[in-house]
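Engineer: Chain by chain, the residues run as shown.
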Amino acid sequence: MDRRQASATVLGAAAFLLVAVPGRTDARGEELLRGAMKKLHAAESYSATLSITNAGPGQPEVKSQGSLAAMKPNFLRVEIKGPADAGGSILFAADGKHYNIYIAQANQYLREDLDPAPTELRGQWEAEVDAFFGGERGLPKSGATHVGTAKVGGVECDLVKIEPAKGRSTTYAIGKRDGLIHQTRIVISTPEGNAVTTNTLTNIKLNQPKKPAEFAFNPPEGARLFERPNFDGNLVPVGKPAPDFQLPQPGGQLLSLEKTLKEKKAVLINFWFYG
Amino acid sequence: MNANDPEDRVKKYIAENNFTFKVVMGGRGEQYTLGKAYGVLAYPTNYLVGPDGKVLWRGVGFNEAALRKALADAGLK
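Those sequence lines, one after another, are chains A and B. Just so we're aligned: 183 in my numbering is position 183 of the first sequence, and the numbers increase by one with no gaps anywhere. Start counting at 1 in the second sequence, then tack on 1000, and there's your number in my numbering.
Next up, chain A with everything else stripped away, as it sits in the complex (with noise of 0.2 Å):
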């Protein structure tokens, strides 16, 4: 998933307090849940077929493939070919040097630099990806519960459910046998209903052997990198003179640029919005 803004954080916070109390914590849960995150960080390298469903409230399934690949420190291809309608293909790649996300549909890729030793990296997976580059950090402190057992892909799991933020949870499913997470569902409720996502991880390997040229990007023919809009270019110039301005602070009373200037070495101007 998207990394969360802040304000988004806050609601997590406060959620998660919620989904602290005694009585919905248990340790089995918190135990697999755990053990499944440190197996994945431990590995050097990590790949999986991936199986994905969304359903929005109301709407019919969309389904799309996919693969994971992932080695330490910093390579990871991700690809996952969806129908048109869904947003199509997208690729996430880390090559070593940078992180690029390349959309099938715009033909175009975003670019950036990768760091040497992520902990995480933004795309669309829950947990898994992040586990393997950085462990626990992305759990939340208390709160796993076992909520029961189900059978994934011919594959006897542990069901574990953690609430990051109301309105919103993600069921893992956890291999009896190898600890590794072989399906997330995430519900996340809203007015008109729950949107569901179910992303279903099958043959999974960890440890095999893994070279750098197998997680290079080369951009298909005519993609184009996609530009960040350019917040400097209507600026004023340096040494130019700063727009004078009349405007009244809370509770009315005016004040002009060139008055806060008088008897100053130089006065900083904040341009803020609390939103």
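Think of the hints as simulated: they come from the structure by calculation, not from any bench. Be careful, since some hints might not be right.
What the hints assert, rightly or not - In silico lysine-lysine, DSBU-like type, Cα no more than 30 Å apart, as pairs:
#	chain 1	residue 1	chain 2	residue 2
1	A	Lys265	B	Lys1036
2	A	Lys259	B	Lys1054
3	B	Lys1054	A	Lys240
4	A	Lys259	B	Lys1069
5	A	Lys205	A	Lys176
6	B	Lys1022	B	Lys1011
7	A	Lys259	B	Lys1011
8	A	Lys240	B	Lys1069
With chain A's structure known, arrange chain B on it following the hints.
Structural biologist: Just chain B now, with coordinates in the frame of chain A:
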């Protein structure tokens, strides 16, 4: 320079955060014209203005190091 917030919200925020500097209300919606005059496309944007009213430095985003450098360059430590 506050952009687009209602005055009661701004007052509350100033009180909660013990602002030591002056705040002016940039206005809301169509009335907010100062951002355009200063070419502000993202927040926060900061301008350092010298006593002659000319721009000494400007920057977009949270970058304390760049501001400190600009102050030092202007002989303002």
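Engineer: Evaluate each hint against the coordinates.
Structural biologist: Structure-based check of all given hints:
no. : hint                     : verdict
1   : A:Lys265 with B:Lys1036  : 26 Å, holds
2   : A:Lys259 with B:Lys1054  : 14 Å, holds
3   : B:Lys1054 with A:Lys240  : 5 Å, holds
4   : A:Lys259 with B:Lys1069  : 26 Å, holds
5   : A:Lys205 with A:Lys176   : 16 Å, holds
6   : B:Lys1022 with B:Lys1011 : 12 Å, holds
7   : A:Lys259 with B:Lys1011  : 22 Å, holds
8   : A:Lys240 with B:Lys1069  : 20 Å, holds
Going down the numbered hints, you'll see the structure goes against none, and every one checks out.
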